[in-house]
Amino acid sequence: MSFYLAIIGSKDNAIYSLDFGTYRQGGDGTSKFSADVRQLCPFIVHSSLDIIEEVQWTNSAMHLKVIDKFYNYLISAYVTSGNIKFLLLHETRADEVIRQFFVDLYDLYVKTLMSPFYSVDQAITSKVFDQRVKMLAKKYL
Amino acid sequence: MASNSPHSSSPDGRGFFSSPPPPSSSNSPAPSLSLSFSSFLGGGSNSVSSGPLSPNNSVSPARLSTVAALIAQSFAPHIAVFASDDANQFARDMGFSSLLDLLRPFGDKVKGPIVVRDSQGLTSSLDDFGLRFVPSTFAAQAAYAATLPPPSASSGAGSSPTTPTSSPTKLRARSNSKSAQTALAQSPVCFDIHDLDAVLSLYLTQSPRFFSSSAAFSPAALHDAIYQRSLQRILSVPPVSAHETFSHPVASIIAISSRNPQPIETLSMLYKAGNDAPVPSYMSKDYLRYYILIHDEEHSEIEKSIALFERMKRHFGLHCHMIRMHSSKFDLNTPETQIQVVPYSEWMSAAEEVTLLQQERPTRYILESDAVNLRAFVREMTVQSLIPFMERCVNTWNDQIASSRRGLTGRFFSASRRFLGSNNRAAGPGASAGASGNYDPVTSSYGFMTAEAQMRKLADYAFMLRDWRLAQSTYDILRKDFLNDKAWKYHAGAQEMAATSLILSGTPLSSKIRMELLEPMLDSATYSYTSRCNQPTYALRTILMTSELLRSRGGGAADDAARWLMKAISEKLMGNLAHALIIERVSACYAIRHGVGSQGWGSRRRKAAFWQLVAAKEWVMLDKKPHALQCLEEAGETAYDALPWTQVAGSLMYELRENAQSMVMYDSGRD
Numbered sequence: 845m846s847f848y849l850a851i852i853g854s855k856d857n858a859i860y861s862l863d864f865g866t867y868r869q870g871g872d873g874t875s876k877f878s879a880d881v882r883q884l885c886p887f888i889v890h891s892s893l894d895i896i897e898e899v900q901w902t903n904s905a906m907h908l909k910v911i912d913k914f915y916n917y918l919i920s921a922y923v924t925s926g927n928i929k930f931l932l933l934h935e936t937r938a939d940e941v942i943r944q945f946f947v948d949l950y951d952l953y954v955k956t957l958m959s960p961f962y963s964v965d966q967a968i969t970s971k972v973f974d975q976r977v978k979m980l981a982k983k984y985l
Numbered sequence: 002m003a004s005n006s007p008h009s010s011s012p013d014g015r016g017f018f019s020s021p022p023p024p025s026s027s028n029s030p031a032p033s034l035s036l037s038f039s040s041f042l043g044g045g046s047n048s049v050s051s052g053p054l055s056p057n058n059s060v061s062p063a064r065l066s067t068v069a070a071l072i073a074q075s076f077a078p079h080i081a082v083f084a085s086d087d088a089n090q091f092a093r094d095m096g097f098s099s100l101l102d103l104l105r106p107f108g109d110k111v112k113g114p115i116v117v118r119d120s121q122g123l124t125s126s127l128d129d130f131g132l133r134f135v136p137s138t139f140a141a142q143a144a145y146a147a148t149l150p151p152p153s154a155s156s157g158a159g160s161s162p163t164t165p166t167s168s169p170t171k172l173r174a175r176s177n178s179k180s181a182q183t184a185l186a187q188s189p190v191c192f193d194i195h196d197l198d199a200v201l202s203l204y205l206t207q208s209p210r211f212f213s214s215s216a217a218f219s220p221a222a223l224h225d226a227i228y229q230r231s232l233q234r235i236l237s238v239p240p241v242s243a244h245e246t247f248s249h250p251v252a253s254i255i256a257i258s259s260r261n262p263q264p265i266e267t268l269s270m271l272y273k274a275g276n277d278a279p280v281p282s283y284m285s286k287d288y289l290r291y292y293i294l295i296h297d298e299e300h301s302e303i304e305k306s307i308a309l310f311e312r313m314k315r316h317f318g319l320h321c322h323m324i325r326m327h328s329s330k331f332d333l334n335t336p337e338t339q340i341q342v343v344p345y346s347e348w349m350s351a352a353e354e355v356t357l358l359q360q361e362r363p364t365r366y367i368l369e370s371d372a373v374n375l376r377a378f379v380r381e382m383t384v385q386s387l388i389p390f391m392e393r394c395v396n397t398w399n400d401q402i403a404s405s406r407r408g409l410t411g412r413f414f415s416a417s418r419r420f421l422g423s424n425n426r427a428a429g430p431g432a433s434a435g436a437s438g439n440y441d442p443v444t445s446s447y448g449f450m451t452a453e454a455q456m457r458k459l460a461d462y463a464f465m466l467r468d469w470r471l472a473q474s475t476y477d478i479l480r481k482d483f484l485n486d487k488a489w490k491y492h493a494g495a496q497e498m499a500a501t502s503l504i505l506s507g508t509p510l511s512s513k514i515r516m517e518l519l520e521p522m523l524d525s526a527t528y529s530y531t532s533r534c535n536q537p538t539y540a541l542r543t544i545l546m547t548s549e550l551l552r553s554r555g556g557g558a559a560d561d562a563a564r565w566l567m568k569a570i571s572e573k574l575m576g577n578l579a580h581a582l583i584i585e586r587v588s589a590c591y592a593i594r595h596g597v598g599s600q601g602w603g604s605r606r607r608k609a610a611f612w613q614l615v616a617a618k619e620w621v622m623l624d625k626k627p628h629a630l631q632c633l634e635e636a637g638e639t640a641y642d643a644l645p646w647t648q649v650a651g652s653l654m655y656e657l658r659e660n661a662q663s664m665v666m667y668d669s670g671r672d
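So the protein sequences, as listed, match chains A and B. With our numbering applied, the first sequence corresponds to residues 845 to 985, in that order. With our numbering applied, the second sequence corresponds to residues 2 to 672, in that order.
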């Protein structure tokens, strides 16, 4: 199973992206997307923003669950109180696990946000952040 | 909160989302993207794509009516033409291949308001009513088709019981193999996939020739026009089939010319030939006969013709007409004010159009006065004979058959029928076939005298007369009956038309109606067509027709339209070029939603851009670079130009653009 994670800023700008695979069922943590799909991933996720913007005003929860799909890929979304969107492209439905993943990711993101050298909507280039996200992925997905 | 001003993305955003290196060479025809997706579930997460509070964009009525009009026009009454040899010779003298060839263009649009009275007694006037003149031999063809398969796919105007041939959904994979074509010919297809692709390729390569008649023709409108045109091709010539009666003749024309030495005898003979022609058991011969006499202005005397016409009226009743015409061929040497170009019929099949475009057939002229006479004839036949005949049929069937099924007692009847049916099935394994007794599982059809067949005919007539509500309620009763009888093709057909007439009737399509009525109807219609009947082309027709109608409704319905098109794409119901064109249409479905307020809440501009991109990818693979560039340009304008990460080397957008541009340049260098 493969995943694609994107953090998108309040102005549609890309903050962070990562594609990874599961460690369960003998996976090695790398994504198994075909080249075609891998190229399309950012665009698929971007197109889901349309749906998020519609749903976020009718749903008070931060975790919007599965909001969109592209053939057999599902897209889950999490909107922070600062209107930063976390989007995850995945293949099977697992709302609860993904919620936990998003909550912990939010934790990581807020820690980054508190850094005096980071401002809102800026891209995250920190290696440590990258490492920690991968740890989270390994833990939950 | 969600301000999307496109110009303020941080410069550091560059580089993210950058994709890994692309596959070695994008030129090589990599397997189509959609081929890799195994399943696309049609229903399920509706709440996802169309929120309950989705803003309802109203679409201008003009737009709505163009699509609805196209669909309405495409289901026009069919009229078989039986012409005597001398009448055909007359048409040949005028430069046409037969009388049918001469009449056909005049059936495209009957002049003037046609007043139609619906089942409630309300009148409505139609400005775009049309007729389809079809060859008389098709009745014979259909009869033959019941016993032996038609020789080639393109001439498949017949019907035969569906035989389980090879897998229906893998058509694209082997679209070029000849064996696929012959396998397809076994059961009549709604239209020929290969012909459609052939005509599409002509449209795409020579588009300026066909579509740039108006100067201010934007390239975006071009693809829209191509799509509309191909939809028309799909709908134009439905084959004769048991499960729908649109292509069964509503009337027939029996024609002779004034040159005939034995006019009355010839007419009787033609009548008999039509009556005795072997037709399949599901086709009724109980249609209107209309007799015409073509008076030759140049070789016959008018007094004689008038006398003959009077005799005809005495013999055959009131459904007679005399047309006065000149039998010589005209060209540009005649003064221009007196002649008129006769266009080719708009409602030809894809195969016909391909031959027409490739052969450069000559322009045909006839005298202005002759054209006026012909138009008057078509109008008179429609207004005075055809429409009253159809109205009478609708009323009779409605009173005698359908009304007993509506109301309380009707419900009891159908309930007891169902009860008995299930009892029968429990009685023995063989009993399931004869659930109601009317359905013949051997030919998988109903005889034309059975209540079901007549109800279907009633619904189809009502549909052709555009009485959507009557049509819809009748299809609704029918689909339950067909389900009980396990008449799958009939069932699918009734579902398809019930959905179509529901949308056409103008009922407000709330998300509840769409979810609970339309969705299951379309779902089972497409499922029955593809899986149970091996008729993927009919499934494609269903999807294209309804999605186009849904799209014209805007709002959440447009989302549904896009989803249905995606289903068609994932099931690969069409040829390569049509595939790309339909992907592009998904984008158009999303683009029609504009959203409300300054934020454009509920708009789908990113979705539209995304599907343009997918379409561009497909066009590049099919080597149609100008079209790919066109899509990319639109995608860029809609969303991607403002995003730095799409412009970086390695991004799909960038790759495709480079690819398409380089190919265009290479091409222009070569010429």
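Note that these hints are calculated values from the structure, not bench results. Glycine included, every Cβ here is placed at the ideal spot set by N, Cα and C. Among the hints, erroneous ones may be present.
Below, computed lysine-lysine pairings styled on DSS-like, alpha-carbon distance capped at 27 Å [as the list claims (entries may be wrong)]:
no. : chain 1 : residue 1 : chain 2 : residue 2
1   : B       : Lys481    : B       : Lys568
2   : B       : Lys568    : B       : Lys513
3   : B       : Lys481    : A       : Lys876
4   : B       : Lys273    : B       : Lys112
5   : A       : Lys982    : A       : Lys971
6   : A       : Lys955    : A       : Lys909
7   : A       : Lys909    : B       : Lys481
8   : A       : Lys909    : A       : Lys983
9   : A       : Lys971    : A       : Lys855
10  : B       : Lys487    : A       : Lys876
11  : A       : Lys909    : B       : Lys112
12  : B       : Lys330    : B       : Lys273
Just some of the chain B residues that point at chain A, by a computed CB distance under 10 Å [to be verified]:
no. : residue
13  : Arg93
14  : Phe97
15  : Leu358
16  : Met450
17  : Gln648
Each hint, compared with the structure:
Of the supplied pair hints, the one linking Lys481(B) and Lys568(B) holds, its CA atoms being roughly 25 Å apart against a limit of 27 Å. Between Lys568(B) and Lys513(B) the CA atoms are separated by roughly 21 Å; this keeps the pair inside 27 Å, and the hint holds. At roughly 46 Å between alpha-carbon atoms, Lys481(B) and Lys876(A) are farther apart than 27 Å, so this suggested pair is violated. The suggested pairing of Lys273(B) with Lys112(B) is violated, with an alpha-carbon distance near 32 Å, which exceeds 27 Å.
Simply put, Lys982(A) and Lys971(A) have alpha-carbon atoms about 17 Å apart, close enough for the 27 Å limit, and the pair holds. Taking the CA atoms of Lys955(A) and Lys909(A), the gap is about 24 Å. The hint holds against a cut of 27 Å. For the proposed pair Lys909(A) and Lys481(B), the alpha carbon gap of about 38 Å is over 27 Å, so the pair is violated. For the suggested pair Lys909(A) and Lys983(A), the alpha carbons sit about 19 Å apart, so the restraint of at most 27 Å is met.
In summary, the hint linking Lys971(A) to Lys855(A) is supported, as the alpha carbons are separated by about 24 Å, within the 27 Å threshold. With a C-alpha separation of about 44 Å, the suggested pairing of Lys487(B) with Lys876(A) is violated against the 27 Å cut-off. Distance restraint check for Lys909(A) and Lys112(B): the Cα-Cα separation of roughly 57 Å exceeds the 27 Å cut-off, and the hinted pair is therefore not satisfied. A distance of roughly 32 Å separates the Cα atoms of Lys330(B) and Lys273(B); the hinted pair therefore is violated under the 27 Å criterion.
Checking Arg93(B) against chain A by beta carbon gives a least distance of about 55 Å; that is not within 10 Å, so the hint is violated. Here the hint on Phe97(B) is broken, as its CB sits about 50 Å from the closest CB of chain A, past 10 Å. Contact between Leu358(B) and chain A, as hinted, is not supported at the beta carbon level, the nearest pair being about 35 Å apart and thus beyond 10 Å. Nearest Cβ of chain A to the Cβ of Met450(B): about 47 Å, over the 10 Å cut. The hint is violated.
Because the smallest distance between the Cβ of Gln648(B) and any Cβ of chain A comes to about 12 Å, over 10 Å, the interface hint for this residue is violated.
Violation of the numbered hints given earlier is confined to hints 3, 4, 7, 10, 11, 12, 13, 14, 15, 16 and 17; the remaining hints are satisfied by the structure.
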